[in-house]
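*Asks:* The residues making up each chain are set out below.
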Amino acid sequence: MIAARQTSQRKAYLNAHIVAPAQGFDGRGGVLIEDGWILAVGPNVTRENAGVGAVTFDCAGLTLFPGLVDMRVFTGEPGNEYRETLASASEAAAAGGVTTMIVMPNTQPVIDDAAIVDFILRRARDTALVRVAPMAAITKGLAGELMSEIGALKEAGAVAVTDAVKAVVNANVFRRALAYAKDFGMLVVQHVEEPTLSTGVMNAGEMASRLGLSGMPSAAETIMLERDLRLVEMTGAPYHASQISCAASLEVVRAAKAKGLPVTCGVSIHHLTLNETDIGAYRTFFKLSPPLRTEDDRSALVGGVSDGTIDVIVSSHDPQSADTKRLPFAEAAFGAVGLETMFSAGLGLYHQGDLPLARLVDAMSSKPAAILGLESGRLAPGAPADFALADLNRSWKVEDRLMRSRSKNTPHEHRTLEGRVVETVVAGRTVYAYSH
Amino acid sequence: MRLLDLADAYVEIGRQIDKRETRLQGRTQVNLFFEASTRTQSSFEIAGKRLGADVMNMAISTSAVSKGETLLDTAMTINAMHPDFLVVRHQSSGAVELLAQKVSCAVINAGDGQHEHPTQALLDALTIRRRKHHIEGLIVAICGDVLHSRVARSNIHLLNKLGARVRVVAPSTLLPSGIGNFGVEVHRNMADGLHNADVVMMLRLQLERMAGAFIPSSREYYRFFGLDEAKLGAAKHDALVMHPGPMNRGIEIDSNVADGAQSVIREQVEMGVAVRMAVLDALSRNMPGGGNA
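Note that the protein sequences, when read in sequence, are chains A and B. Counting from 144, one number per residue, gives the positions in the first sequence under our numbering. Counting from 29, one number per residue, gives the positions in the second sequence under our numbering.
It is worth saying that the hints were derived from the structure and are not from the lab. There's no promise every hint is true.
What the hints assert, rightly or not - DSS-like mimics (lysine-lysine), calculated; alpha carbons at most 27 Å apart, straight line:
hint	chain 1	residue 1	chain 2	residue 2
1	A	Lys540	A	Lys551
2	A	Lys297	A	Lys283
3	A	Lys551	B	Lys130
4	B	Lys77	B	Lys189
5	A	Lys551	A	Lys309
6	A	Lys540	B	Lys130
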């Protein structure tokens, strides 16, 4: 299924519906690639002018878009390889059209040292099917106290800093991290949650009260977000809120952007497609951080992606095994896998008419690449040949036994999704081809 | 209603000298209590024994759980011994539901976290019905730590279903968010909350769950929310005083009231055995060889 490394071969993907938001192109055409790079894109790429010796593929009926760049992926490597390795996560990524995974630093050991960044990059090069780049820790050991060596981490190849599943609570530490990171051109990514207010296990409100579960109010998110934005104003440093989950946060981000602050934010695909009632009878695969909130929040978030207030959609892929999930709700771990289903779940929003296809691709590919300063996320001459092909109307059923992730905690289990990735290409090499 | 009728009959049996029934002969009942309990566990034990079942109590603190075994592994181990009833209490909301999905016997919720305690609500309803001869239309004030209380949640559901007018009375910090949508009147002081009430149901202040400063002190709580004779004066003169136990005397309830003429607290305990006998009996009727099968 996976083609061998074919370096100096010219290939032409023809007659596709091309969606290239960064280029403002949405129409019929082809993509010509060679040596892992894109040579040409558009209606002029045809069988006739593909060049001598080019291998051609007819992509009629398929949509071709830049490979997805997932800004929030957890694996278990290093430390918890039984949950997920870079290799197994990359297989799931490839099957979901994700060509670049940004992995989180809360591994064991924590990615707070240049040597660990180097380890990740080498392991990825040797074992992973897709591109991998790590975010490093803002503070040493994710302890929220001492700044990590942000300059050295940047040099080693970390693309941003974040304390992953925790906010940096100490305002002075965070202020200094913002100011220091700015000097090195390093983006600071915050998990926006005030932990002393957010002590529960699901969204606060009637549903939590009925289930007898302790609540996490959405104010815990907006309070941290508003504090951070004051510090961004103070330092002028670029800032990215990793995931927002409620309508109130959307208003905060909208106001900050209107002020001209260097702010971007993301949302997970789960928060766009699910709400707190999906928890039902204590289903732990729906226990997420931030928590799934109300239907009003969900629909507001979709609107926020549509109008661009929310820049990025992430999978927030977080593999958890039975020993951390098959527990009473309060005791179970947070997190759900999502690499393999992110694009298909997003297509659901497109099919419902809630989100234009170009914005969906932009939020999952071009925009995150631009925020992180990556070369990918675009279909243009000179860009890396990272792209995916999807059949927007092919429905498929999510079955855990068929999933490539080593952990099976998908909230979409047994659901039928409409539209799926049928081929994924990284650096000109086919790393996934759908067969049924 | 049928459960309450059945329980009524078992009250009489409990008052006889010979209390033994044979309805559950040959059945095995395992009491699996992950959270310490004296009255509920012994109540279930006596209920099972009076019906002739073989009752085993699993003491969790000395079992494999303290060696790191998970809830489900423990449940599956016991399930493999083919009990007919599993009576489960657990400190986490939803734990009993999780366990019930995985075992093949009847599972009775003896209290899960802050979620539900159904047999407590049934025994409270039985106590009220025996004293007042009906439930519909009665004003029932549930007072105190509603936030942490599974007893309150189960009582709200059941009493509403039986047609009572349910009030909750507590400071805002001890009320769950969205409580107004549970079909109750919400009051934040005792004088309003108890006004004209037919039943005053006090809840235990869960001191062990008080990390995080829900109230300033127990003496301030007693001053404003503890049930004493003066506060009880707002209710009807023949109002019943109830408490699921164990009581914090001098915190949520004054001893004069707890032991006073309007108190039915000890009767609640008696009704507990009868209700649990009724529950076991009703469940067994739908088992193979149980009469209704």
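*Asks:* All hints are to be evaluated individually against the structure, with a verdict given for each.
*Replies:* Now the hints, each set against the structure:
no., hint, result
1, A:Lys540 to A:Lys551, "holds (14 Å)"
2, A:Lys297 to A:Lys283, "holds (15 Å)"
3, A:Lys551 to B:Lys130, "holds (19 Å)"
4, B:Lys77 to B:Lys189, "violated (31 Å)"
5, A:Lys551 to A:Lys309, "holds (24 Å)"
6, A:Lys540 to B:Lys130, "holds (25 Å)"
Hint violations for this structure: number 4 only, all remaining hints satisfied.
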